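Participant: Residue numbers (the numbering used here), protein chains in the order written: chain A, 1 to 118; chain B, 1 to 118; chain C, 1 to 118; chain D, 1 to 118.
Among the hints, erroneous ones may be present.
[Stated by the list, open to error] Only pairs whose alpha carbons sit at most 25 angstroms apart, straight line, appear in this in silico BS3-like list of lysine-lysine:
1) K96/D with K96/A
2) K96/C with K80/B
3) K96/A with K80/D
4) K96/B with K80/C
[To be verified] Pairwise CB distance ranges, derived in the manner of DEER restraints:
5) P15/D with S21/A: 47 to 57 angstroms
6) P15/A with R83/C: 39 to 49 angstroms
7) Q22/A with Q114/D: 26 to 36 angstroms
8) L9/B with R83/C: 28 to 38 angstroms
9) Q4/A with R7/C: 40 to 50 angstroms
10) M1/A with Q17/B: 15 to 25 angstroms
11) R13/A with K96/C: 48 to 58 angstroms
No wet-lab data here; the hints were simulated from the structure.
Keep in mind that this is a model prediction, so the values were computed, not measured.
Beta carbons are placed, not taken as given, at the ideal position from N, Cα and C, and that holds for glycine.
There are 4 protein chains.
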Amino acid sequence: MLHQVRRGLVVIRMPFQPELSQQHGYFHAGGLSAIADSAGGYAGFTLLPEDSSVLTVEFKLNLLNPAQGDFVESIGRVVKGGRTLTVCQLGVFSSKGERWVQAAIGQQTLICMQNRER
Amino acid sequence: MLHQVRRGLVVIRMPFQPELSQQHGYFHAGGLSAIADSAGGYAGFTLLPEDSSVLTVEFKLNLLNPAQGDFVESIGRVVKGGRTLTVCQLGVFSSKGERWVQAAIGQQTLICMQNRER
Amino acid sequence: MLHQVRRGLVVIRMPFQPELSQQHGYFHAGGLSAIADSAGGYAGFTLLPEDSSVLTVEFKLNLLNPAQGDFVESIGRVVKGGRTLTVCQLGVFSSKGERWVQAAIGQQTLICMQNRER
Amino acid sequence: MLHQVRRGLVVIRMPFQPELSQQHGYFHAGGLSAIADSAGGYAGFTLLPEDSSVLTVEFKLNLLNPAQGDFVESIGRVVKGGRTLTVCQLGVFSSKGERWVQAAIGQQTLICMQNRER
Numbered sequence: 001m002l003h004q005v006r007r008g009l010v011v012i013r014m015p016f017q018p019e020l021s022q023q024h025g026y027f028h029a030g031g032l033s034a035i036a037d038s039a040g041g042y043a044g045f046t047l048l049p050e051d052s053s054v055l056t057v058e059f060k061l062n063l064l065n066p067a068q069g070d071f072v073e074s075i076g077r078v079v080k081g082g083r084t085l086t087v088c089q090l091g092v093f094s095s096k097g098e099r100w101v102q103a104a105i106g107q108q109t110l111i112c113m114q115n116r117e118r
Numbered sequence: 001m002l003h004q005v006r007r008g009l010v011v012i013r014m015p016f017q018p019e020l021s022q023q024h025g026y027f028h029a030g031g032l033s034a035i036a037d038s039a040g041g042y043a044g045f046t047l048l049p050e051d052s053s054v055l056t057v058e059f060k061l062n063l064l065n066p067a068q069g070d071f072v073e074s075i076g077r078v079v080k081g082g083r084t085l086t087v088c089q090l091g092v093f094s095s096k097g098e099r100w101v102q103a104a105i106g107q108q109t110l111i112c113m114q115n116r117e118r
Numbered sequence: 001m002l003h004q005v006r007r008g009l010v011v012i013r014m015p016f017q018p019e020l021s022q023q024h025g026y027f028h029a030g031g032l033s034a035i036a037d038s039a040g041g042y043a044g045f046t047l048l049p050e051d052s053s054v055l056t057v058e059f060k061l062n063l064l065n066p067a068q069g070d071f072v073e074s075i076g077r078v079v080k081g082g083r084t085l086t087v088c089q090l091g092v093f094s095s096k097g098e099r100w101v102q103a104a105i106g107q108q109t110l111i112c113m114q115n116r117e118r
Numbered sequence: 001m002l003h004q005v006r007r008g009l010v011v012i013r014m015p016f017q018p019e020l021s022q023q024h025g026y027f028h029a030g031g032l033s034a035i036a037d038s039a040g041g042y043a044g045f046t047l048l049p050e051d052s053s054v055l056t057v058e059f060k061l062n063l064l065n066p067a068q069g070d071f072v073e074s075i076g077r078v079v080k081g082g083r084t085l086t087v088c089q090l091g092v093f094s095s096k097g098e099r100w101v102q103a104a105i106g107q108q109t110l111i112c113m114q115n116r117e118r
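Sequences and hints are given; from them, build the entire structure.
Facilitator: Below is the structure:
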């Protein structure tokens, strides 16, 4: 599922599955949120010390177009990394043959945990 | 899964299932997003004409506490209904025996569709 | 301008001034954002140690109704306080005589600073 | 104040003024919100019919770095335009001599009004 991992950038790809679709045959918004959140979380994690873990503080997603097709890809990119907080941009795209459509765009705040209370 | 439906307010309850949990045994953030988004969408729908449908324009979620226990409940409540747009508040709570914990709080914008382009 | 201060709750009141209004005579969205952000920031501050300061990490505002009238009030209320992060709910209301209208609703994340890098 | 206007992209520049700064001499968050919101609103407006007007439905801003220096610039860029709704990305940058710093990043939803209730 991890399609690409660079420092500060992670791409997750998820093939279409009937159980992830809603009544109209599109990918369900909950599934899109899940992979958008995960891509951002992993992107933040690439910039953190190895013994740390990362938690989502908050995220916001604008749904732009219905996500349908063969698979859906989510990109998380670190915009600002810090010792405590990391801010990511999120993008979700769906692919049908050659055609790509942007399904969602988002912003996310992560916190780096090192045995410290949130 | 629809636990309570009133005009402008919907509660969704979801029992704990191993496949909805992440590595630490908590409900996965993606699953929480999905039921938060759904509760708001249904809440908005209770105030709309019957021949219409509702789409999520955007939502934002702050994750407050880990969600664990027997089940998780999401509340969607309409704050402002309009002919085109509806704004909802979202709350996600988890229950372990008698103890309730607020897992997330959110805000959501919906659009009412009547065969009209978004 | 601070109208009410309790532990975890602050109300800010701002009288109408021509220079805060936009072309239609309503309070300008920028001004509403400013007092919403401030009310949340002060609310978070009421729960923190005295030698600390508070910074806004992010906030999100839904504009519900035009804000007009004699004054505008913003309420910041702490939903979840922590050692590092605080989450607040924001409400903005405008008053014209006896009539109150909710102008905006929001959510905000704050970080407590004690000589530590963000 | 409008520094650059293209189809779907607007840049607003605001010189530093003491009355726009807060206690530490930085640009005040309320002022940053105001120009971020305005840049997005104008960017959306460039793609709409002439007899229409544009209202902010909601926006979300992550504050990344303190904004200080000679002036501050806000960029609004349309990500998805539609007949009813428009989604913009917002960026706020401050400049001190040759050095640019990103002060904020945001997302915004606009609605196009043509004598229609929101």
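Participant: Hint by hint, note whether the structure agrees.
Facilitator: Now the hints, each set against the structure:
{"no.": "1", "hint": "K96/D with K96/A", "in the structure": "violated, 46 angstroms"}
{"no.": "2", "hint": "K96/C with K80/B", "in the structure": "holds, 19 angstroms"}
{"no.": "3", "hint": "K96/A with K80/D", "in the structure": "holds, 19 angstroms"}
{"no.": "4", "hint": "K96/B with K80/C", "in the structure": "holds, 19 angstroms"}
{"no.": "5", "hint": "P15/D with S21/A: 47 to 57 angstroms", "in the structure": "holds, 52 angstroms"}
{"no.": "6", "hint": "P15/A with R83/C: 39 to 49 angstroms", "in the structure": "holds, 42 angstroms"}
{"no.": "7", "hint": "Q22/A with Q114/D: 26 to 36 angstroms", "in the structure": "holds, 31 angstroms"}
{"no.": "8", "hint": "L9/B with R83/C: 28 to 38 angstroms", "in the structure": "holds, 34 angstroms"}
{"no.": "9", "hint": "Q4/A with R7/C: 40 to 50 angstroms", "in the structure": "holds, 47 angstroms"}
{"no.": "10", "hint": "M1/A with Q17/B: 15 to 25 angstroms", "in the structure": "holds, 20 angstroms"}
{"no.": "11", "hint": "R13/A with K96/C: 48 to 58 angstroms", "in the structure": "holds, 54 angstroms"}
Hint 1 from the list above is the single one not met by this structure.
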